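I would like the entire structure built from these sequences, with the hints used as guidance.
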Amino acid sequence: MNHTTIGEIVRGDREVFPPYLYEAYQSTRRRAPTLPLIDVPLTLSELTGPGCAISAITEEDADLTRNAGTGGEAIGQRIIVTGRVLDDRGAAVPNTLLEIWQANAAGRYLHKRDQWPGPLDPNFLGMGRCSTNEDGVYRFLTIRPGAYPWKNHPNAWRPAHIHFSVFGPSMLSRLVTQMYFPDDQLHQLDPIMNAVPTKQARKRLIAAYDHSVTEPEWALGYRWDIVVRGPYATPFESKEDGR
Amino acid sequence: MNKLLLSSAQTVGPFFEPALLREDARRNVLTRPETPGERIRIEGRVLDGDGAAVPDAMVEIWQANAHGRYNHPADQGPATLDPSFLGFGRSGTDPDGSYWFETVKPGPVAFDTERLQAPHICVTVFSRGLLNHLVTRLYFEDEPANALDAVLQYVPEDRRATLLARREPAGAVVVYHFDIILQGANETAFFNV
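Heads up: the protein sequence lines correspond to chains A and B, in order. For the first sequence, the working numbering puts the final residue at 243, and the numbers step up evenly by one. For the second sequence, the working numbering puts the final residue at 1193, and the numbers step up evenly by one.
Source of the hints: derived by calculation from the structure; they are not laboratory data. Note that this is a predicted model, so its numbers are computed, not measured. For each residue, glycine too, the CB sits at the ideal point set by N, CA and C. Mixed in with the good hints, there may be bad ones.
[As the list claims (entries may be wrong)] Not everything, but these chain B residues come out facing chain A in the computed CB check (under 7 Å):
1) Ser1007
2) Phe1015
3) Arg1128
4) Pro1169
5) Phe1190
And the structure:
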């Protein structure tokens, strides 16, 4: 991995969130903003959000091994990925939409722009969604994705990962992230994962193997909790608004 | 209070389209026939630091209804709730970087107990190469309330114009044009929220 410039512009906690410019990940170079982000007071517009209203989904949506609609089953190591969505005070985030997408067991995405010679699986779309329950718990059945080669630098491979999109209770909790698997030697070589500034924050993105989630003669279990920013803000008082 | 460490953001990458923009997941049209309010169309392009189109971005919007009420339990204001209007939109970008929404012009929502905000739409932008999504607001250039908007006052004066959607010359539909410029001379003012 080429170590080059790491930008100063970060949205949110600098110990947690990646900078927009991280040159080792080449696509950031012409897409990262270069002017300071504007600090603004939080208002009703930020403390509300669509998260509690979009969840029109079916049970099959959470089973990526069968949701291709072919009647066949995806090939690969069957896994259960489950966990809770929590806010930063530890409160469960119930009834919120999670959308996921991933490569197949061979590391190939079903996408017109993914043309590397990994085999496609006709029974695997690589996308799913579910809603958290009252306790903030989600659960997907899928197959373990393979590592994915990309053109960022010579011999570049992304570690196995599952993309997650989460809404949560407000605009502050909106999050798109990636879940990684434990004990993957590609972590240390991956500029996208390493753009996360601290070891602690990177660890937060790695699921844990959990034998209590594993089901006999069926599927291996992984547990991964997602922590999003809660809808908390001191009401902005007009007296403090000196501008 | 002991705070839990937040989960970090990671890029949406190049392959989100089949999942996030599937037919029942994208929402270019926010209105139903019965939705009250002035119909508007929002159009624009997402451009990178070279002025080149970003053809693999996703733009999401969140807004109040035409009366100025969010469809969310945290909004307990007096404005009428409209069950036909969620206020959430999601659009991909085309090869030329363009995105669009059909919606209603939002009414003003509260800033604090005394003041209203100028009508605005919350905008978030995701794409390959964005390690964290970008957050900004769309305001309407022909809205007199902009001059008093408390949030706009935080945006340096020379950057405010980047948040003003331009009203297109009158046609069959009212169109507001709002380009999102990720980097460069006319870079959109993005928010740290």
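- Item | List of violated hint numbers, smallest to largest | 4
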